[in-house]
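Colleague: Each protein sequence line maps, in turn, to chains A and B.
Read in UniProt numbering, the first sequence has 339 at position 339, and its numbers run on one by one without any break.
Read in UniProt numbering, the second sequence has 265 at position 265, and its numbers run on one by one without any break.
Since the hints were derived computationally from the structure, they do not count as laboratory data.
Check the hints yourself; a few may be wrong.
Copies of the same chain look alike in the list, so a pair counts if it works inside one copy or between any two.
[Claimed, not checked] List of simulated lysine-lysine pairs, DSBU-like, C-alpha gap at most 30 Å:
id, residue 1, residue 2
1, Lys346, Lys136
2, Lys6, Lys35
3, Lys90, Lys321
4, Lys240, Lys86
5, Lys240, Lys321
6, Lys369, Lys90
7, Lys6, Lys338
8, Lys157, Lys321
9, Lys64, Lys346
10, Lys6, Lys339
11, Lys64, Lys338
Protein chains: 2
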Amino acid sequence: MLENLKIGILGGGQLGGMLIRHAIDLGLSISVMDKDANAPCARYTSSFFQGSPTSYEDVLAFGKDLDVITIEMEAVNIDALRELEKQGKKVFPAPDTIKVIQDKYTQKQFLLSHNIPVVPGEAIEDRNDLYKHENKLPGCLKKRRNGYDGYGVMVLKTSADIAAAFDEPSVLEELVDIKNEISVIVARNEQGDVKCYDAVMMVFSGEKFVLDFQEAPAQLEEGILKEATILAEKIADALKLVGILAVEMFVTKDNKVLVNELAPRPHNSGHHTIEASNTSQYEQLLRAILGLPLGDTSLHCPSLMINILETAALISNRQEKLQSLLAVEGAHLHWYGKKGNRIGRKIGHITITGSTMEGVISKAATIRKILN
Amino acid sequence: MLENLKIGILGGGQLGGMLIRHAIDLGLSISVMDKDANAPCARYTSSFFQGSPTSYEDVLAFGKDLDVITIEMEAVNIDALRELEKQGKKVFPAPDTIKVIQDKYTQKQFLLSHNIPVVPGEAIEDRNDLYKHENKLPGCLKKRRNGYDGYGVMVLKTSADIAAAFDEPSVLEELVDIKNEISVIVARNEQGDVKCYDAVMMVFSGEKFVLDFQEAPAQLEEGILKEATILAEKIADALKLVGILAVEMFVTKDNKVLVNELAPRPHNSGHHTIEASNTSQYEQLLRAILGLPLGDTSLHCPSLMINILETAALISNRQEKLQSLLAVEGAHLHWYGKKGNRIGRKIGHITITGSTMEGVISKAATIRKILN
């Protein structure tokens with residue numbers, strides 16, 4: 001019975017908060033572990049554990065009384081999750097799935113081994129090793145582990161940039177000629193049922209590699225959208241995924257679709273599913289990991305999602321700007337309630353819905369004016 | 001700043017749970033008090049207090065560190081709320097508003113004093129007093145206080161029914177010739193802004209006076225819907241409401257609109273606003289009590305909400321029936337996760353959305369077949 005299941009989330013950020021939002025719809029009990037007692041979703045559970053998702057002991061202690069364990073971040077301790085699985089807990093996505101994905105190089109090798117087109121890239125040991133790959137520049141350098149929201153990604157134009165490059169295991173990717181960036185959220189349950197959301201268009205802020213805004217559905221040729229969906233389904237099957245997966249892809253100027261990165265958890269390219277789909281990505285994750293039928297993923301209206309990053313303007317006019325944002329009809333504010341005010345940090349998002357994409361885009365302009 | 005506000009809810013049932021669902025969207029901290037430690041929303045807050053909302057001491061203790069206090073049930077201690085107001089807390093709806101409404105007779109007198117058409121009714125002291133009102137039968141007897149979901153309401157056909165009637169302060173109402181029952185949810189904030197949702201049609205189960213299902217928008221003549229909206233706005237203004245109010249009304253066979261009952265809190269006739277409106281009644285309540293702009297109340301699709309009451313069939317086939325319900329596209333399950341299984345108790349609801357009311361009604365038939 002749903003009400004007696006004990007479900008745990010590793011990570012207590014806004015994604016966890018939105019997962020709890022949808023766990024309420026199913027009357028589920030959710031425990032959360034995060035290293036920060038002030039994590040956004042700590043306040044939305046009677047069962048919060050302060051601990052590190054990367055610590056073997058903490059994860060094991062957190063999981064011991066739970067029935068099902070899932071994640072809202074990739075940086076988690078795989079050995080502890082494997083041990084919990086041995087103890088009979090359901091761990092979804094499976095530890096092996098998370099392990100393949102949490103390292104950007106093994107992730108790429110996995111995709112290649114399944115004939116999924118990816119951005120070509122090579123493993124780099126450290127900064128010294130980069131000098132041996134000077135001939136590959138310009139390129140995009142990504143830390144193999146723990147990157148998020150643009151942290152852990154940098155472009156190296158010439159060998160002059162190496163001195164300031166990451167000095168840790170990384171992947172040096174070719175700079176491909178990107179026309180568009182898109183994302184498909186795919187869900188798969190234990191029975192092997194697979195459902196995709198429509199591909200969305202992602203637009204990143206110039207230098208920071210952090211998602212600026214997202215349009216759903218992506219306004220691209222049918223053939224490309226179909227290819228993206230087929231790739232996402234193929235990856236979900238290859239991973240024997242149980243849960244949800246965001247598949248971020250590049251569409252190149254010559255219309256090739258290349259997989260950029262995977263995230264086996266709720267993803268900010270799927271926030272719009274709360275307002276624009278019958279089943280949100282959060283509910284879909286819960287359905288997938290609890291053996292429930294996957295929900296309808298069709299979009300019932302166009303939408304545009306804008307990330308809200310902390311700025312000086314937002315700090316000094318918080319109250320006034322929130323009031324203005326909340327006054328825009330069709331704009332759905334998600335404010336993460338984070339403590340402190342570090343510039344550049346993701347502190348909320350807004351999903352705009354409407355009957356036409358033109359109307360939605362025009363409201364986005366209003367929102368941007370308020371945010372700036 | 002939203003993230004630093006401490007908000008408290010008196011009552012921890014499913015309405016409180018759905019209120020927390022929408023508080024997550026604003027990053028708010030929510031404390032909950034309920035007399036039952038297993039109340040549905042106890043698990044969705046780090047700040048749950050076990051105590052009685054009708055106890056002066058409990059309410060006062062609960063409120064002492066809060067900034068804003070609201071309710072999800074009417075049976076709360078008014079004196080304690082007044083004292084908290086004196087201490088500088090915001091209490092919305094105001095204690096006076098709750099007090100007028102929590103007694104069905106003073107509620108009726110208040111409406112009459114503002115020229116709002118109501119079902120005629122008289123105050124009854126106790127069972128003995130009913131015998132003095134035999135000439136008013138048949139009639140509908142309602143306990144003055146603490147009725148909910150059909151508890152506290154009975155029809156008296158003849159004086160033979162008096163022996164089994166409530167033996168406490170009640171209201172004996174005329175039996176009016178009802179064609180339809182409708183409800184309008186209205187919100188009002190401190191600035192005096194007022195917004196109504198479209199009137200919905202409510203259909204009650206024959207003998208139990210508990211809402212069976214609800215259609216939104218109500219398929220009735222424009223004139224009646226307009227009158228219902230005007231009445232709701234007028235009542236919100238008369239009460240100087242800050243918060244939301246459900247105005248349940250009868251449409252008589254001669255097309256008069258009479259106010260039946262008020263509820264100054266989220267209401268099950270407004271559940272559909274989660275899926276069918278840009279602003280749910282829960283978010284609207286939060287906006288109203290926090291001095292934020294009221295949200296857009298327009299419905300973007302037709303919907304039908306079915307209450308799920310506990311039955312023997314549901315108890316014995318829980319898992320299978322939940323699976324079937326979750327497989328119906330466009331059906332949004334809200335499962336309250338209540339402990340125990342008392343027959344007749346409200347344990348969830350389903351909101352069906354679709355592009356046409358015909359489609360929605362046809363899916364409702366599927367849902368009913370599963371529930372039976």
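Colleague: All hints are to be evaluated individually against the structure, with a verdict given for each.
Modeller: Consistency of the hints with the structure:
For the identical chains of this complex, Lys346 and Lys136 are neighbours neither inside a copy (33 Å) nor across copies (65 Å), given an alpha-carbon limit of 30 Å. Taking the closest pair of Cα atoms, Lys6 and Lys35 come within 30 Å of each other both inside a single copy (20 Å) and across two copies (23 Å). With identical chains, the CA atoms of Lys90 and Lys321 are at most 30 Å apart between copies only, with a shortest distance of 23 Å across copies and 43 Å within one. Taking CA atoms no more than 30 Å apart as the test, Lys240 paired with Lys86 passes inside one copy only; the shortest distance there is 18 Å, against 60 Å between copies.
Taking the shortest alpha-carbon separations for Lys240 and Lys321, only the inter-copy value of 27 Å comes in at or below 30 Å, while the best intra-copy value is 45 Å. When the C-alpha separation of Lys369 and Lys90 is checked against a cutoff of 30 Å, the pair qualifies neither within a copy, at 46 Å, nor between copies, at 32 Å. In this homomeric assembly, Lys6 and Lys338 come within 30 Å of each other (Cα to Cα) both inside a single copy, at 26 Å, and across copies, at 14 Å. Within a single copy, Lys157 and Lys321 get their C-alpha atoms no closer than 38 Å, and across copies no closer than 59 Å, so neither meets the 30 Å cut-off.
In this homomeric assembly, Lys64 and Lys346 never come within 30 Å of each other (Cα to Cα): the closest approach is 32 Å inside a single copy and 33 Å across copies. Proximity of Lys6 to Lys339 under the C-alpha cut-off of 30 Å is found in both arrangements, the shortest distances being 28 Å within a copy and 14 Å between copies. For the identical chains of this complex, Lys64 and Lys338 are neighbours both inside a copy (29 Å) and across copies (24 Å), given an alpha-carbon limit of 30 Å.
In summary, the structure is inconsistent with hints 1, 6, 8 and 9 from the numbered list given earlier, while agreeing with the others.
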